[in-house]
Amino acid sequence: MLVAALVALTLPAAAAVIYMSLRPLWAGPGHQATDGLERTYRAIARRAVFFVLALQALVVLSVAGAGWLRPIAPRAVVFLFGVFLAAVGDALPRTRPNQLFGIRTARTLDDRQLWIRLHRAAGYAAVIAGAAIAIAALVLSKDGIAWVVSAVTVGGAAALAGVYFTGLPAIETAPETRARRRREVAVWSLRLVLAALFFYFGLMKFPGNPRGMWVRLFDAIGFGQWFRVFTGVVEAGGGLLLLVPRGVWPGAALLSAAMIGALLVHIFVVGTGPATVAVLVLLVLVIGVALASRS
Amino acid sequence: MKVPAAGHAAFAALADQTRRDILNLLRAGPRTSGQIADAFHSSWPTISRHLGVLRHAGLVVAERQGQEIYYELNTSVFQDVVRHLLELMKPAGRTRRTRRRRPRHQEA
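For the protein sequence lines, the chains are S and H, in the order given.
Going by the working numbering, the first residue of the first sequence is number 1, and it counts up by one from there.
Going by the working numbering, the first residue of the second sequence is number 1, and it counts up by one from there.
Please note that a few of the clues may not be correct.
Claimed, not checked - Label-pair distances were calculated between CB atoms; the ranges are:
1) S:Leu280 <-> H:Gly52: 58 to 64 Å
2) H:Ala15 <-> S:Val17: 42 to 48 Å
3) H:His8 <-> S:Ala196: 45 to 51 Å
4) H:Trp44 <-> S:Ser141: 57 to 63 Å
Claimed, not checked - Counterexamples of contact, computed for chain S against chain H with all Cβ distances above 10 Å:
5) Leu37
6) Ala64
7) Pro71
8) Phe79
9) Ala91
10) Leu100
11) Tyr124
12) Val127
13) Glu176
14) Ala179
15) Phe201
Because the hints were derived from the structure by calculation, they are not lab data.
Glycine included, every Cβ here is placed at the ideal spot set by N, Cα and C.
Make the full structure from the sequences, and use the hints.
Structure, rendered in structure tokens:
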């Protein structure tokens, strides 16, 4: 009973401590306010308090032994989180550089326009992500929820990084500089994605499970299992090379060779199918990223 | 003019085509009221009054920079969505008014 009471008190106690320790930051002197910003910060704080209260209600109910809650509690928490994310995202475009809240880097605090652009984008991203998570929590399976949460997190982070780095000093730089920077970001993003994919493809080939798909595939190819490990090393190594500034050409050469080999295997050994298209797309992307990376 | 309650002010402000056009213009960055008025056919006092409504509703904020007062877009995501929906439901045949205003009269 004592443990249950302590558990029930943890969340509000933590919230109170955080609130009390952060309060001087906005209640204290020394911050200049544009009109209406107080309203925005209070709205965000209210939404956070509502989220914590709803979580607390869930905790108290399950501690009090509401049996019907057990099976739906995990979904309810995820759902509440999605709603909370969307609610905070809604207000994000209305924030301005401040002491407390937001994506606070030296650049955004210094450049009001960058802050505004970034937080408008972040608001859209958070509302979309929060809505997707809330809907997923209501209708999808546990795996489905995990997938949606990972996908929106990665997608949102990538979109924000794009806005942050492309929109950087948009006001004082020449259009050509901005175009070049945008291109660099695009090429590097592609390199990053390809590197991650090939590293993963390479690692997948290492485990020597005799029933595994790769062992059987390389049996069918007929060079022996050393070739499976060799291909894995080529793919993982080629992927890592893509991340090194001067490694694009050797990396792309290795990966193209691997993809051409995979094409030959598809044509002569296992037969073509949807996977062949994926191999072709990867081949084109690898060659494209090498060409685009010429300085 | 009747001043609506804070909660309804945003919707009342969004219910006007010129004010939605002003918000759309401000998406590109902050502008002074003079710059905004130049982009519309309406006169400066009219635009100024529209800006007052938008500001009262919290859809824009005024930021002083030296001598000038710049208006910044301050809509929430939800208000942006409402604005887009209102644009979509706009009766057909009305043209947008964001065309650049011709120079006033050829003075001097």
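Tested hints:
Taken as a hint, the range 58 to 64 Å holds for the pair leucine 280 of chain S and glycine 52 of chain H, whose Cβ atoms sit roughly 60 Å apart. Judged by the Cβ atoms, the range 42 to 48 Å given for alanine 15 of chain H and valine 17 of chain S holds: they are separated by roughly 45 Å. The hinted window of 45 to 51 Å between histidine 8 of chain H and alanine 196 of chain S holds, with their beta carbons roughly 49 Å apart. Range check, tryptophan 44 of chain H to serine 141 of chain S: about 59 Å between beta-carbon atoms, so the 57 to 63 Å window is met.
The beta carbon of leucine 37 of chain S is not kept farther than 10 Å from every beta carbon of chain H, the shortest such distance being approximately 7 Å. Non-interface call for alanine 64 of chain S relative to chain H: holds, since the shortest CB-CB distance, roughly 35 Å, exceeds 10 Å. Residue placement check: proline 71 of chain S keeps its beta carbon more than 10 Å from all beta carbons of chain H (closest about 32 Å). Annotated as non-interface, phenylalanine 79 of chain S keeps its C-beta farther than 10 Å from every C-beta of chain H; the closest such distance is 19 Å.
Under the 10 Å C-beta cut-off, the non-interface status given to alanine 91 of chain S relative to chain H is violated; the minimum distance is some 6 Å. With a closest Cβ-Cβ approach of about 18 Å to chain H, leucine 100 of chain S is found to remain outside the 10 Å limit, as its non-interface label requires. Annotated as non-interface, tyrosine 124 of chain S brings its C-beta within 10 Å of a C-beta of chain H; the closest such distance is 6 Å. Here valine 127 of chain S does not stay apart from chain H, with its beta-carbon only about 5 Å from theirs, under the 10 Å limit.
Under the 10 Å C-beta cut-off, the non-interface status given to glutamate 176 of chain S relative to chain H holds; the minimum distance is some 20 Å. With a cut of 10 Å on Cβ distances, alanine 179 of chain S stays outside the contact zone with chain H, its closest approach being about 18 Å. No Cβ of chain H comes within 10 Å of the Cβ of phenylalanine 201 of chain S; the nearest lies about 38 Å off, and the non-interface call holds.
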